[in-house]
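Novice: Residue numbers (numbering that gives the first Met the number 0), protein chains in the order written: chain A, 0 to 139; chain B, 0 to 139.
Hints may be right or wrong, so weigh each one.
As the list claims (entries may be wrong) - Subject to a maximum C-alpha distance of 25 Å in a straight line, what follows is the list of computed DSS-like cross-link-like pairs (lysine-lysine):
id, chain 1, residue 1, chain 2, residue 2
1, A, 103, B, 103
2, A, 124, B, 103
3, B, 124, B, 103
4, B, 124, A, 103
Simulated from the structure, these hints should not be mistaken for laboratory data.
This structure is a prediction, so every number in the text was calculated from the model and none was measured.
Protein chains: 2
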Amino acid sequence: MTADNTTTSAARGTRRDIEEGVALMPAFDGNGLLTCVTTDADTGEVLMVAHMNAEALERTIASGEAWYWSRSRQSLWHKGDTSGQIQTVVEMRIDCDQDALWIKVRVGGDGGCCHTGRRSCFYRKIPIGEAPARLVPSDG
Amino acid sequence: MTADNTTTSAARGTRRDIEEGVALMPAFDGNGLLTCVTTDADTGEVLMVAHMNAEALERTIASGEAWYWSRSRQSLWHKGDTSGQIQTVVEMRIDCDQDALWIKVRVGGDGGCCHTGRRSCFYRKIPIGEAPARLVPSDG
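Based on the provided sequences and hints, a complete structural model is requested.
Specialist: So, in structure tokens, the structure goes:
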């Protein structure tokens, strides 16, 4: 990811292909996963961080709805399938070395995303400059 | 991460402590790392995805500047130390199960973040609904 490039480019193409090309050459990790950052398409808020395997990626691109790989259940996960919190993908991006995705989504159902019932998983701040570190509720 | 909670809570506290508490209890992965999403504090743009180990996290909180763990170099990485692209942390958040961080930053130097020279690592889109998948330059 980013300047910290651990990619083994040889198997996927040249570094130039990967970084400047128009071909999708995902750098799946040892578990066959990419990291995916999901943000709210309207507010820009980071809603969650999750993972996609090759099939989740393919289904997301094909359907325009977010699919992930659930590491706990070890299964494909169509987000919102039971909760109604379907994530419609407005835009999808991939990073320089093709090991991280960024999707901008609109959330269906009650608009929630986190399993705690909140809109975003990132509902607590870590104040900078404080020791010992602590968490405080985020304003929004 | 998020609804896909693979955390072994027992070693860190109860699930309630982790999800609703005010104590920092990071769920480092098998390599001792947390995933960190870095966004532009002013535009909300996702700039990069990287990792922090315990020391990088501690230094970031203490200094208000982003420190990461470089997986390729296997060393602490004070972002911008050589390039001048220091990331000043405006806000730091942690997610529900405490295995992912979100920092909002202002970037020093020339404002760049990606090792390709671009402002963000996410400079290519994957068009939704197209097969085969391809990449196109992002507008911004």
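Novice: Has the given pair, residue 103 of chain A with residue 103 of chain B, been kept, meaning a C-alpha gap of at most 25 Å?
Specialist: Given pair residue 103 of chain A, residue 103 of chain B holds - Cα atoms ~17 Å apart, limit 25 Å.
Novice: Keeping to a limit of 25 Å between CA atoms, is the pair of residue 124 of chain A and residue 103 of chain B held or broken?
Specialist: holds (11 Å)
Novice: Against the 25 Å threshold, does the CA-CA distance of residue 124 of chain B and residue 103 of chain B hold or violate the hint?
Specialist: Since the Cα atoms of residue 124 of chain B and residue 103 of chain B sit roughly 22 Å apart, the hinted pair holds (cutoff 25 Å).
Novice: Please work out if residue 124 of chain B and residue 103 of chain A have their alpha carbons no farther apart than 25 Å.
Specialist: holds (11 Å)
Checked against the numbered hints given earlier, this structure breaks none of them.
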